[in-house]
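Protein chains: 4
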Amino acid sequence: MADQAANTRGTERLEAFSDGVFAIAITLLILDIHVPDFKENETLMHSLSHEWPSIIALLIGFFTILICWINHHYMFTMIRQSNSKLLFINGFKLLIVTITPFATALLSRHMETGWGPSAITTYAFNFALMGIAMTCVWCYAHFMGFTKGTSTEVLTATTRLYIFASLFSITIVIVSYFSIAAWLILFFIMFLIFVFPEKIVAWQLERRP
Amino acid sequence: MADQAANTRGTERLEAFSDGVFAIAITLLILDIHVPDFKENETLMHSLSHEWPSIIALLIGFFTILICWINHHYMFTMIRQSNSKLLFINGFKLLIVTITPFATALLSRHMETGWGPSAITTYAFNFALMGIAMTCVWCYAHFMGFTKGTSTEVLTATTRLYIFASLFSITIVIVSYFSIAAWLILFFIMFLIFVFPEKIVAWQLERRP
Amino acid sequence: MADQAANTRGTERLEAFSDGVFAIAITLLILDIHVPDFKENETLMHSLSHEWPSIIALLIGFFTILICWINHHYMFTMIRQSNSKLLFINGFKLLIVTITPFATALLSRHMETGWGPSAITTYAFNFALMGIAMTCVWCYAHFMGFTKGTSTEVLTATTRLYIFASLFSITIVIVSYFSIAAWLILFFIMFLIFVFPEKIVAWQLERRP
Amino acid sequence: MADQAANTRGTERLEAFSDGVFAIAITLLILDIHVPDFKENETLMHSLSHEWPSIIALLIGFFTILICWINHHYMFTMIRQSNSKLLFINGFKLLIVTITPFATALLSRHMETGWGPSAITTYAFNFALMGIAMTCVWCYAHFMGFTKGTSTEVLTATTRLYIFASLFSITIVIVSYFSIAAWLILFFIMFLIFVFPEKIVAWQLERRP
Numbered sequence: 009m010a011d012q013a014a015n016t017r018g019t020e021r022l023e024a025f026s027d028g029v030f031a032i033a034i035t036l037l038i039l040d041i042h043v044p045d046f047k048e049n050e051t052l053m054h055s056l057s058h059e060w061p062s063i064i065a066l067l068i069g070f071f072t073i074l075i076c077w078i079n080h081h082y083m084f085t086m087i088r089q090s091n092s093k094l095l096f097i098n099g100f101k102l103l104i105v106t107i108t109p110f111a112t113a114l115l116s117r118h119m120e121t122g123w124g125p126s127a128i129t130t131y132a133f134n135f136a137l138m139g140i141a142m143t144c145v146w147c148y149a150h151f152m153g154f155t156k157g158t159s160t161e162v163l164t165a166t167t168r169l170y171i172f173a174s175l176f177s178i179t180i181v182i183v184s185y186f187s188i189a190a191w192l193i194l195f196f197i198m199f200l201i202f203v204f205p206e207k208i209v210a211w212q213l214e215r216r217p
Numbered sequence: 009m010a011d012q013a014a015n016t017r018g019t020e021r022l023e024a025f026s027d028g029v030f031a032i033a034i035t036l037l038i039l040d041i042h043v044p045d046f047k048e049n050e051t052l053m054h055s056l057s058h059e060w061p062s063i064i065a066l067l068i069g070f071f072t073i074l075i076c077w078i079n080h081h082y083m084f085t086m087i088r089q090s091n092s093k094l095l096f097i098n099g100f101k102l103l104i105v106t107i108t109p110f111a112t113a114l115l116s117r118h119m120e121t122g123w124g125p126s127a128i129t130t131y132a133f134n135f136a137l138m139g140i141a142m143t144c145v146w147c148y149a150h151f152m153g154f155t156k157g158t159s160t161e162v163l164t165a166t167t168r169l170y171i172f173a174s175l176f177s178i179t180i181v182i183v184s185y186f187s188i189a190a191w192l193i194l195f196f197i198m199f200l201i202f203v204f205p206e207k208i209v210a211w212q213l214e215r216r217p
Numbered sequence: 009m010a011d012q013a014a015n016t017r018g019t020e021r022l023e024a025f026s027d028g029v030f031a032i033a034i035t036l037l038i039l040d041i042h043v044p045d046f047k048e049n050e051t052l053m054h055s056l057s058h059e060w061p062s063i064i065a066l067l068i069g070f071f072t073i074l075i076c077w078i079n080h081h082y083m084f085t086m087i088r089q090s091n092s093k094l095l096f097i098n099g100f101k102l103l104i105v106t107i108t109p110f111a112t113a114l115l116s117r118h119m120e121t122g123w124g125p126s127a128i129t130t131y132a133f134n135f136a137l138m139g140i141a142m143t144c145v146w147c148y149a150h151f152m153g154f155t156k157g158t159s160t161e162v163l164t165a166t167t168r169l170y171i172f173a174s175l176f177s178i179t180i181v182i183v184s185y186f187s188i189a190a191w192l193i194l195f196f197i198m199f200l201i202f203v204f205p206e207k208i209v210a211w212q213l214e215r216r217p
Numbered sequence: 009m010a011d012q013a014a015n016t017r018g019t020e021r022l023e024a025f026s027d028g029v030f031a032i033a034i035t036l037l038i039l040d041i042h043v044p045d046f047k048e049n050e051t052l053m054h055s056l057s058h059e060w061p062s063i064i065a066l067l068i069g070f071f072t073i074l075i076c077w078i079n080h081h082y083m084f085t086m087i088r089q090s091n092s093k094l095l096f097i098n099g100f101k102l103l104i105v106t107i108t109p110f111a112t113a114l115l116s117r118h119m120e121t122g123w124g125p126s127a128i129t130t131y132a133f134n135f136a137l138m139g140i141a142m143t144c145v146w147c148y149a150h151f152m153g154f155t156k157g158t159s160t161e162v163l164t165a166t167t168r169l170y171i172f173a174s175l176f177s178i179t180i181v182i183v184s185y186f187s188i189a190a191w192l193i194l195f196f197i198m199f200l201i202f203v204f205p206e207k208i209v210a211w212q213l214e215r216r217p
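Residue numbers (the numbering used here), protein chains in the order written: chain U, 9 to 217; chain B, 9 to 217; chain F, 9 to 217; chain R, 9 to 217.
Please note that a few of the clues may not be correct.
Copies of the same chain look alike in the list, so a pair counts if it works inside one copy or between any two.
[As the list claims (entries may be wrong)] Below, simulated BS3-like cross-link-like pairs (lysine-lysine); rule was C-alpha separation at most 25 Å, straight line:
| hint | residue 1 | residue 2 |
| --- | --- | --- |
| 1 | Lys207 | Lys93 |
| 2 | Lys93 | Lys47 |
| 3 | Lys207 | Lys156 |
| 4 | Lys156 | Lys101 |
| 5 | Lys47 | Lys156 |
| 6 | Lys101 | Lys207 |
| 7 | Lys207 | Lys47 |
| 8 | Lys47 | Lys101 |
What the hints contain is simulated information worked out from the structure, not anything from laboratory work.
Looking at chain U on its own, in the form it has when it is part of the complex (with noise of 0.2 Å):
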C-alpha cells in the first residue's frame, strides 16, 4: 500500500515542464538585444554592428540552452520513470537554465568593458552548474534503475559520457581564468561533443569489441 503512494511515474509531465523552461529561456534571450534608434549619420547596419557583443552573446546562449535541451532530451529517450527525487534534481538543473539568459546578458553588457573576464569567467561557471546538473540527473536516474529496456553498454557509455561532461566543464571555468582564447576554443569542442550525444556513445560502443 505504501508501495501503491510512493511508487514511480512516467516522465511525460516533467518532459513538458521542463520543454516549457527551455523554450521559454531560449526566447526571453533576444529581449537584450536593443532596437538601435535612428541617427542620421549612420546606416542601420552599421549601427547594429556595434551591437556584436550582444549578438555573439545571443549566439552562445541559444546553442548552450539548445545543446542543453538536446542532451536533456537524448537523456529522457532512455529514462521512462521518475519519482519526487528525480523531479526535484531536475528542477535545481531547470534552476541553471533559467539563470542562463541572466548570465548572457552579463556576457552581452560587458564584453568590452573591464569585467569582460569576470563576466567569460561567470558564464562558464553556470555553464559548468548545467553540465553537472545534467550529470546528476543521470546518475541519479542511472542509480535507481529508471532506465529499464536500454542495454548496459550503452548505459555505460551514457553514464561515461556525462561524467566526463561535469569534468569537462569544471576545467573549462578554471582554464577562463588565464586564457580566453584557449576558452572559446574548449567551448567550441564541447558544442561538437554534446550537440550530437548519439554519436559519441555509439563511437565508444564501436571501438570496444
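On the provided structure of chain U, position chains B, F and R as indicated by the hints.
Okay, now just chains B, F and R, sitting in the frame of chain U:
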C-alpha cells in the same frame, strides 16, 4: 443526452496549460535580477554581491513554484478526470502562481527597506493562498470521485496532507508578523515536507497497520 | 492521392500551441503591476492600494483569458480533426488572445484618467472579437464535420451557445458606450454563462423533450 | 548495439519544444506596442492611431510566425522520426523564430524613419532565413527517410513546395532593395501560398496524371 454534454474529460490539457503557466512564471523570475553597470573601482563579483536580496528572493520564488508544480504533478497522477469546475478552481490556483513573480519582486526590492516585514508577510500570504488553492483542487477532485483507481488509504492520507498544507501555510502568515527567523524556519520545514509528497503519504500509511 | 496530401489531421498540436499562447498571455499580465518604491510615510499595503486599477485590470484580464481557454478546451473535446483553414482561423483567435494583455494594460493605465470610457470600450471590443473568433472556430469545425462522434443535439446546443456568445459580446460593446455600470453587470453575466459551457449545453438539452 | 544508441526517435518532444518557442515568440510581439500616455486634447483612438507602424509590424510578425508554425505542423504530420542532427537543424530554425520579434521591432520603430528601407530588407532577410531553414528541415528529414508511410508523389510535391519557399523568399529580399510596393505584393502572395500548404500539394498532384 444531457450526460453526454456534461460528462467529464481527461486532464491532459489542464496539465499542459498548467505546465505552461508554471514554466513561464518560474522563468520570469530571472527578469528581476538586473545586470549591474560597470564601475571602475569594483569587481563584478563584488557588484553582484550587492544583489543578494534579489538572488535570495529568486531562489525562494523558484523553489516555491517548483514545489507547487511537484505537488500539482503528484495530485494529477491520481486525478484522472476533470470538469469545468475543476478547470476553474485550478485556474484560481494558476492566478496565485502568476502573482508569485510579483510577490517575489516585492520581496527582492524591499527586503532591506523599511517595508521588509510587510513584504515578507505579503509573500507568506501569497504562499498561503497557494496552499489553500492546492487544497481546494485536491478536495474538489476527491469529493467528485475523479480519483478512481487509487486505494482509499492513499486518498485519505493525501487529503490529510493537503489539509495540513493549508493550515500550516496559514500559520506561517501569522508567525511572519512576529518573527522573521521563525518564519524562515517554518518556511524551510514546509519545503522539506512538500518537496517529496509521496514520501509523506507513504510514511503515513506505514505508521497505521 | 490528392486526398492523402489534403487530408485532415488530429488536433494535438493545435491544442498544444494554443495552450502555450494562452499560458504566456495569462502570465504576462502580471508584468504590468509595478513594485512600488519605498516611501517613509506610507505602509506597503497603503502603497499597493493605489495600484487598485492595475489589480482590477489584472483580474479582468486573467478571467477573460481563463474563460476563453475553458471554452477552447470544451470545443476541442468535440472537435477531433483539423485542416490548415482551421489552424488559420484558430490563429486569428490566438491573435486576439495575444492582444488581450495590451487591452488590459490600457484598462489598467487609463481606468482613472479621462480616457477611462474609451479604454473600457476598447477592452469590450477586444472581448467581442474574442467571442466572434470563438464562434468562427466552432462553426467552421462543425460545418466541416470535424465533430464526429458527438450527438446532433449536443452539437446544435453548442452552436446555439457560441452564436449567442458573439451576439452577447457585441451587445456589451454597444452598452459600454452608454453605461459603465451596465457594462460591468453584462460582463459578469457573460462570465457566469461561459465559465461552465457544459452546464449551459446540458441545461438546453434538459429543457427540450 | 551501436545501432541501439544511435537509433532514431519519435518527434513528440521536438514538436513540443518547437511549439513552446513559436508560442512565446508570437506572444512577445505585443510587448512592443506601448500604452500611450493620457493627453488632454486627444482621444485614445487618435493617440493609438499614431501607433499604426507598430500595429502593422505586429500583424506582419504575427502572421509570419503563424504561417511558419502551420508549415512546421504540416511537415511533421509526415516526418515521424528524428535524430540529433534533425534536432540541431530544427534548432537553427527556432533561432530564426526567436529573432523574428527583434526584426519586427526594427520594422515597427523604423518604418517611418530614414532607416525604413533597411528595416524592411532586414525583415525580408530574416524571412528568407526562415524559408531556408524550413527547406533544410524538410529536405534533411526526407533524405534520411524519416517520412515513411507517405506516398512518393506527396513527398516529391512537398519537396518541390519547400525548395520553392527558399527561392521565393530569397527573391523577396532582392526585390525589397528596389521597391517596397513590389515587396509587399510578393510577401502577400507568399502568405497566400504557404498558409494552406496541403492545398498547394494537392493542386500539384491533381495537375499531373
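Each hint, compared with the structure:
Taking identical chains as interchangeable, the C-alpha atoms of Lys207 and Lys93 lie at most 25 Å apart only when they sit on different chains, with a minimum of 10 Å there against 29 Å within one chain. With identical chains, the CA atoms of Lys93 and Lys47 are never at most 25 Å apart, being 55 Å at best within one copy and 42 Å at best between copies. Proximity of Lys207 and Lys156 under a CA criterion of 25 Å is satisfied in both settings, with 21 Å inside one chain copy and 23 Å between copies. Within a single copy, Lys156 and Lys101 get their C-alpha atoms as close as 23 Å, which meets the 25 Å cut-off; across copies the closest is 34 Å, which misses it.
Taking the shortest alpha-carbon separations for Lys47 and Lys156, neither the intra-copy value of 62 Å nor the inter-copy value of 54 Å comes in at or below 25 Å. Proximity of Lys101 to Lys207 under the C-alpha cut-off of 25 Å is found in both arrangements, the shortest distances being 24 Å within a copy and 22 Å between copies. In the homo-oligomer, the alpha carbons of Lys207 and Lys47 never lie at most 25 Å apart, since the shortest distance is 49 Å inside one protomer and 46 Å across protomers. Proximity of Lys47 to Lys101 under the C-alpha cut-off of 25 Å is found in neither arrangement, the shortest distances being 43 Å within a copy and 32 Å between copies.
In the structure shown, a violation is registered for the earlier hints numbered 2, 5, 7, 8, in ascending order.
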